[in-house]
Each structure stands twice: as C-alpha cells, then as structure tokens.
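Engineer: Here is what each chain is made of, one letter per residue.
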Amino acid sequence: MQVSVKYFASLREVIGEANSVVDIEEGSSVSSLWQSIMDRKNIEFDNVMMAVNMEYVKSEYQLKSGDEVAFFPPVTGG
Amino acid sequence: MQVSVKYFASLREVIGEANSVVDIEEGSSVSSLWQSIMDRKNIEFDNVMMAVNMEYVKSEYQLKSGDEVAFFPPVTGG
Amino acid sequence: MLIEIRKKPFNAYAEMQYYLDSLDIAGKFGATANFVGSMRDFNEDKKVTHMTLEHYPGMTEKHLETIAKESIEKWKLLDVLILHRIGKVKVSEDIVLVATWSAHRKDAFESCRAIMEQLKSGAPFWKKEETNSGAKWVEKNTPGF
Amino acid sequence: MLIEIRKKPFNAYAEMQYYLDSLDIAGKFGATANFVGSMRDFNEDKKVTHMTLEHYPGMTEKHLETIAKESIEKWKLLDVLILHRIGKVKVSEDIVLVATWSAHRKDAFESCRAIMEQLKSGAPFWKKEETNSGAKWVEKNTPGF
Numbered sequence: 001m002q003v004s005v006k007y008f009a010s011l012r013e014v015i016g017e018a019n020s021v022v023d024i025e026e027g028s029s030v031s032s033l034w035q036s037i038m039d040r041k042n043i044e045f046d047n048v049m050m051a052v053n054m055e056y057v058k059s060e061y062q063l064k065s066g067d068e069v070a071f072f073p074p075v076t077g078g
Numbered sequence: 079m080q081v082s083v084k085y086f087a088s089l090r091e092v093i094g095e096a097n098s099v100v101d102i103e104e105g106s107s108v109s110s111l112w113q114s115i116m117d118r119k120n121i122e123f124d125n126v127m128m129a130v131n132m133e134y135v136k137s138e139y140q141l142k143s144g145d146e147v148a149f150f151p152p153v154t155g156g
Numbered sequence: 157m158l159i160e161i162r163k164k165p166f167n168a169y170a171e172m173q174y175y176l177d178s179l180d181i182a183g184k185f186g187a188t189a190n191f192v193g194s195m196r197d198f199n200e201d202k203k204v205t206h207m208t209l210e211h212y213p214g215m216t217e218k219h220l221e222t223i224a225k226e227s228i229e230k231w232k233l234l235d236v237l238i239l240h241r242i243g244k245v246k247v248s249e250d251i252v253l254v255a256t257w258s259a260h261r262k263d264a265f266e267s268c269r270a271i272m273e274q275l276k277s278g279a280p281f282w283k284k285e286e287t288n289s290g291a292k293w294v295e296k297n298t299p300g301f
Numbered sequence: 302m303l304i305e306i307r308k309k310p311f312n313a314y315a316e317m318q319y320y321l322d323s324l325d326i327a328g329k330f331g332a333t334a335n336f337v338g339s340m341r342d343f344n345e346d347k348k349v350t351h352m353t354l355e356h357y358p359g360m361t362e363k364h365l366e367t368i369a370k371e372s373i374e375k376w377k378l379l380d381v382l383i384l385h386r387i388g389k390v391k392v393s394e395d396i397v398l399v400a401t402w403s404a405h406r407k408d409a410f411e412s413c414r415a416i417m418e419q420l421k422s423g424a425p426f427w428k429k430e431e432t433n434s435g436a437k438w439v440e441k442n443t444p445g446f
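Residue numbers (our numbering), protein chains in the order written: chain Y, 1 to 78; chain S, 79 to 156; chain R, 157 to 301; chain F, 302 to 446.
Pulled out of the complex, with its shape left as it was, chain Y reads as follows (with noise of 0.2 angstroms):
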C-alpha cells in the first residue's frame, strides 16, 4: 500500500525533501516507516515527533493506504 509522507524544518533539510509518496508493507507501524526511511537515506535523528492525518500519534500507530504521516523535530513555536 502507499501513504504519502511529509516532513519539516531541520528534518526536510536533512532528508532532503519535504513530501514524497512511499509503498509499505500492509499493516506497517508509524514506526517502521520512520525505520525504514532513516535507513534507506542513511541518517539519525533523535526526538522525531510522529503525526497521522494530522494528528500526534504513538510510535506503534498502524496506518492504511492513503495515510498523510508527517515526521518532524521537536516543534518551537510561540
């Protein structure tokens, strides 16, 4: 299945693009997508904040096709 996938501020920069569209393994967790993009770009990144459909969710979180996700660092708004 795919779900599009959005990032933000110092994350965008270091993944080196703001949304792209990625195949997933039915019943994949938030999690794991965050894996697998950590290791096919090959980076780290502590503290990322996870959002489905533009609501936080928890790490184990299991998406469906269609799902918007966004990964982001730690916000500092206000």
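Don't read these hints as lab results, they were simulated from the structure.
There's no promise every hint is true.
Below are the DSSO-like pairs computed for lysine-lysine, each with C-alpha atoms no more than 27 angstroms apart in a straight line [claimed, not checked]: (1) R:LYS184 x F:LYS348; (2) R:LYS262 x F:LYS375; (3) R:LYS164 x R:LYS262.
Only some residues are given here: those of chain F computed to face chain Y with a beta carbon under 8 angstroms [unchecked claim]: (4) GLY338; (5) HIS385; (6) LYS389; (7) VAL390; (8) TRP427.
A virtual CB, placed ideally from N, CA and C, is assigned to each residue, including glycine.
Got chain Y; can you put chains S, R and F on it based on the hints?
Structural biologist: What follows is chains S, R and F alone, placed relative to chain Y:
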C-alpha cells in the same frame, strides 16, 4: 498628643465622617485608638484594616504625635 | 514603570500600545503578560448597573508602586504598567490593567498574576455596587487561586 | 473563537481591540488575560537578526483549534483568540498572541498560560534563527514553568 484619623468606604459611612483629629495618650497603640473610637461611636466593625502614614501596620503599632492613621474595611479593588 | 489612578474611562489596548511606544525596550523583551479587569453586569446573581470606586489618595499609589518595584526586582522585569479606575464606573468599562514585560514567558506570566493578587488583597480601593436592589459595598474580592 | 496563522506582521493590541469589538460579550466578562510573544534581538547569547517560522498547514490550525476548544470547555471561557506569525519575522515583531475572556480572573490567567504551554510544546511550528554566526534551527523551547 494628636493624630489625624481617616476612614474609608463603608466604615466612613458607619462613622459618619471622613477625617478627624483625635487626642490620645502618648504612646498609645493603633488598636487602642481604634477601640476608643468604636467605644465613643458605639459601633462594632469586624476585619478593620489599619495604616499609619500610608503603610499597613500591626495592631500593636505605637503611634507618634502627628501620625496619619487610617481605618478601613477589607479592600475590594481590581 | 507607570502607575496611574484614572478618573475617566480608559481603553486598555490603546493604553498598552501607547505605553509600549514610549518605552525603549523593542527587541529586548520576548514576553508580555497583560490582565484587564472589566465591569460585569452581574455579581452574585444580582444585576449591577454601575459602581463607584473609592481609593485612599497617596497610600494607594504608594502601595502599588511598592508592589511594582518588588516585582521588577523579583522577576527581573523590563517594565510594569498598572492603571486603575476610580469614581463612577459603568458596565463593560475597564477597571484595572496590569502588564509586565520580561525576556521569557515564565516571568511575565507569574509576575502579572502576582501583581493582580497583591493589588486585590492589599491596594486600598473599595467598590460600591448599584444593583437592582439598591447600593451595596462589596465586602470581599473573589479568590484568585 | 478565532485562530489565525499570519504571514504579515500584526499589532497585538490593535488585534485585541479589533477582535473584542467583533464580540458580543461586553458586560459578561470580568477578566481578560493576554500574552504576547515577541522576537528578541538575542538568544542564548547570540545576536539574532531575523528568523523564519515554518508550520504544517492544516495540522497547525487543527491542533490550535483543539487546544482552544478544550480550554473553553475546561475553564468556561467566553472567548479565545490565538494569532501566530509564520514566514520571515524581524526583531521586535510579535510572534504569538493568546487571549482568553472569562467571568473571573482565575480562569483567564490559568487558561491563557495553559494555552501558551500547549502551543509551545505541541503546535507544529519551527523557528530558524539568523544569527551573527549563521542560520540555525532552534532545537527546543525554553521551559515555561
């Protein structure tokens, strides 16, 4: 000796005057002045606040000639 | 630092802007906390039409100045503004404005609230409310915590 | 309730007045707590010339709306205003404005601070500062307590 005395808000209305000059014995405390005023006016008034020369004082504060003494109810500003 | 007792209605946000423009702290503060107390049309289930605010000229100003100076010291504030109405106040008019400026938000939040609590518990002001069942001195303030 | 992400500089106190004028709550609120976060010219001992604020369009608005709605419920607020800048921000410009309106001061103070803390810890915004030693993403926010 003489001190000037001011009353505010509901206490001013109870006393029936805003200012007066009172004769008291040398070395009187602010609470003995207050007691003598209540006796003379034949009033009871709970929770009175006391200030001398525009600063809060404790009831045992010892007055000096010419002090400006103020008695008033709990404050309700803001 | 500015502390003023006002006999006439004031507009809290115009006052904030006006006072800020008079300061030379642009770029130095990251946080401004501001509290405005306004007159409601009800209190303890009674409809209030207007009220009269009395103060102790001299002591009130002195007391507020002490509160402000101690707060500037304690929270390392860049500035403090306190305005307070006296006289006849109508429904929806502003009664009190407290503002504090600091580098970080923690100090601004804490000092603004602390100044309001100290003002409420100690500054010599008294309110007499005109309600639909007559005039009445307010006996005590609502607790702030 | 109004939540807006702004690309252009805004004037916090003009916004307060403008928003308040649009509401129909005069006489109903006794307390307004307001916080303004502004850009300082220094951070961690470095001179900052300007910064760029990024957000996650859609999620940021949604997240702030949830915070505001939950606060209205929890503190029985009459209204909430949240404004936040994005894009290039210059020294002394306002970054964030949070305001809450309630009957009594306790609820206004507590909710305003809680909204700011939730915004700081969860709302998807990121700052990149331009300092005299180059551009750098801010790694974390200063603690608020």
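Engineer: Please go over all the hints and tell whether each is borne out by the structure.
Structural biologist: Checked hints:
1. R:LYS184 x F:LYS348: Judged against 27 angstroms, a Cα distance of about 11 angstroms means the pair holds.
2. R:LYS262 x F:LYS375: Roughly 22 angstroms separates the two Cα atoms, so the pair holds.
3. R:LYS164 x R:LYS262: Not OK: LYS164 of chain R and LYS262 of chain R at ~33 angstroms, beyond 27 angstroms, violated.
4. GLY338: holds (5 angstroms)
5. HIS385: holds (6 angstroms)
6. LYS389: violated (15 angstroms)
7. VAL390: At about 11 angstroms, which exceeds the 8 angstroms cut-off, the nearest Cβ of chain Y leaves the hint on VAL390 of chain F violated.
8. TRP427: For TRP427 of chain F, the interface hint holds, since the closest Cβ of chain Y sits about 4 angstroms away, which is under 8 angstroms.
Hint violations for this structure: numbers 3, 6 and 7, all remaining hints satisfied.
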